[in-house]
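With numbering that gives the first Met the number 0 applied, the sequence shown closes on residue 161, and no number is skipped along the way.
By construction, these hints were calculated from the structure, which means they are not laboratory data. Please note that the accuracy of each hint is not assured.
[Stated by the list, open to error] Label pairs and their computed distance ranges (CB to CB):
no.	residue 1	residue 2	range
1	18	148	40 to 48 Å
2	62	153	14 to 22 Å
3	127	74	33 to 41 Å
4	148	74	33 to 41 Å
5	46	19	23 to 31 Å
6	99	128	44 to 52 Å
7	101	160	28 to 36 Å
8	148	99	41 to 49 Å
9	49	104	19 to 27 Å
10	138	31	16 to 24 Å
11	47	132	25 to 33 Å
Predicted model, so just to flag it, every value in this text is computed and none were measured. The beta-carbon is built from N, C-alpha and C at its ideal position, and this holds for glycine as well.
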Amino acid sequence: MSDDHDHHDGNDDHELRVSKIRDGTVIDHVRGGQALNVLAILGIDGTNGEEVSVGMNVPSNRFARKDIVKVEGRELSQDEVDVLSLIAPDATINIVRDYDVVEKHRVERPDVVEGVLSCPNAGCITTGDEPVTSRFSVLEDGVRCSYCETIVRDEIASLIDT
0 MSDDHDHHDG NDDHELRVSK IRDGTVIDHV RGGQALNVLA ILGIDGTNGE
50 EVSVGMNVPS NRFARKDIVK VEGRELSQDE VDVLSLIAPD ATINIVRDYD
100 VVEKHRVERP DVVEGVLSCP NAGCITTGDE PVTSRFSVLE DGVRCSYCET
150 IVRDEIASLI DT
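Using the sequences and the hints, build the whole thing.
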């Protein structure tokens with residue numbers, strides 16, 4: 000791609016530069032192309048003035064490509080992390096305070112998620128007028144509705160209740 004130009008200790012002009020955040024959350028090692036779904040899960044669409052940095056399809060040591068999302072002024076709740084784990088099972092959550100990472104952990108997929116996904120089955124009791132909270136068992140490759148047994152493997156992000 001380039002000839003042997005100025006290479007400085009791995010800090011050359013090809014390195015991704017995204018400014019550090021003072022306080023908030025960095026969601027790293029998101030599978031390439033999923034960053035916008037991460038923002039949708041968090042209910043971030045830019046209308047509330049949140050400061051967000053997004054890197055999509057950037058080089059990664061762990062994957063061929065990854066996405067990274069930085070959200071200033073917000074620490075994620077456990078419910079948000081649980082839902083994130085469904086579309087970004089390899090993600091790392093970094094909590095930043097005063098420019099320092101004070102917590103760093105990998106997401107863990109829960110056994111069950113409640114009240115965060117809508118069942119795609121129009122006949123499911125959770126999609127009608129009944130006051131029934133949705134409940135899905137988390138499978139290796141998707142989720143299963145605990146009421147009607149519908150299994151969803153693709154497009155889980157589109158079922159997220161926001």
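Going down the list of hints, with the structure as the test:
1. Taking 40 to 48 Å as the suggested C-beta distance range, the pair residue 18 and residue 148 conforms, at roughly 47 Å.
2. Range check, residue 62 to residue 153: Cβ separation about 19 Å, and the 14 to 22 Å hint holds.
3. Here the CB-CB span from residue 127 to residue 74 is close to 35 Å, well matched to the stated 33 to 41 Å.
4. For the pair residue 148 and residue 74, the beta carbons lie near 35 Å from each other, so the given range of 33 to 41 Å is met.
5. Taking the beta carbon of each, residue 46 and residue 19 are about 25 Å apart, inside 23 to 31 Å as hinted.
6. In this structure, residue 99 and residue 128 meet the distance hint of 44 to 52 Å, their C-beta atoms being roughly 49 Å apart.
7. At roughly 30 Å, the beta-carbon separation of residue 101 and residue 160 lies within the given 28 to 36 Å, and the hint holds.
8. Judged by the Cβ atoms, the range 41 to 49 Å given for residue 148 and residue 99 holds: they are separated by roughly 46 Å.
9. Range check, residue 49 to residue 104: Cβ separation about 22 Å, and the 19 to 27 Å hint holds.
10. Our hint of 16 to 24 Å for residue 138 and residue 31 holds, since their Cβ atoms are close to 22 Å apart.
11. In this structure, residue 47 and residue 132 meet the distance hint of 25 to 33 Å, their C-beta atoms being roughly 26 Å apart.
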